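Going by the numbering used here, the first residue of the sequence shown is number 3, and it counts up by one from there.
It is worth saying that the hints were derived from the structure and are not from the lab.
Values in this document were obtained by computation on a predicted structure and should not be read as measured data.
Hints are not guaranteed to be accurate.
[Stated by the list, open to error] Cross-link-like lysine to aspartate or glutamate pairs, in silico, EDC-like; alpha carbons within 16 Å at most:
| hint | residue 1 | residue 2 |
| --- | --- | --- |
| 1 | Lys83 | Glu152 |
| 2 | Lys38 | Glu21 |
| 3 | Lys138 | Asp90 |
| 4 | Lys138 | Glu62 |
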Amino acid sequence: LLLTGDGPIVLDLIKLASELGVANRIRFAGMLPDVKVAYAAMDSFLFLSRCEPFGLVLAEAMAAGVPVFGLAGEGGYNDPKFPLITPDNAVFIARRNPSRYDEPEAEDVLDQLASRIQDLDRQPWLYQGMIQNARKWVTHRFDAARQAAEVSGIYADVLRRTRGEDPRGRSDVVPGETLCRP
3 LLLTGDGPIV
13 LDLIKLASEL
23 GVANRIRFAG
33 MLPDVKVAYA
43 AMDSFLFLSR
53 CEPFGLVLAE
63 AMAAGVPVFG
73 LAGEGGYNDP
83 KFPLITPDNA
93 VFIARRNPSR
103 YDEPEAEDVL
113 DQLASRIQDL
123 DRQPWLYQGM
133 IQNARKWVTH
143 RFDAARQAAE
153 VSGIYADVLR
163 RTRGEDPRGR
173 SDVVPGETLC
183 RP
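Work out the full structure, taking the sequences as your base and the hints as a guide.
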């Protein structure tokens, strides 16, 4: 297991790895000046965050051709209208209680995820389509030009609304109201 980055629980994770007797199987890489090195070293990417605003790490792994596995949580990466993660480009297992941040995940859910990752190791050819779909999805749907246009469009709509203009043709615009929902 390769863990990158540095956060408030890294010392707890190092201690836990030692207590469980798996410290020799885990690499704590810390902060890296170039994440491409980490993605190049990965056989697969494991995503366990319960909440993630967009999931840039997911997009990076997908673009690097690393198969993505995870437990579904809250966040923009699974937006129903514009999802980053789909059943065709990653393997995500539904959590039993996604909003219960203080509880460990159910063992059967973790077993399902582990089984799918083991499938990749035993039968990698079964995942080649998923890996290719992921790279294409990120390259075409989440490219920089498209994202810049999307953000520019949101700001333009917000500015029109603050001036009392409604981009949707309504006349009941409240100045200062935005089109974005929290």
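So, going through the hints one by one against the coordinates:
The suggested pairing of Lys83 with Glu152 holds, with an alpha-carbon distance near 13 Å, which does not exceed 16 Å. With a C-alpha separation of about 31 Å, the suggested pairing of Lys38 with Glu21 is violated against the 16 Å cut-off. The straight-line distance between the Cα atoms of Lys138 and Asp90 is roughly 11 Å, inside the 16 Å bound, and the hint therefore holds. A hinted pair counts as satisfied when its Cα atoms are at most 16 Å apart, and Lys138 with Glu62 qualifies at roughly 12 Å.
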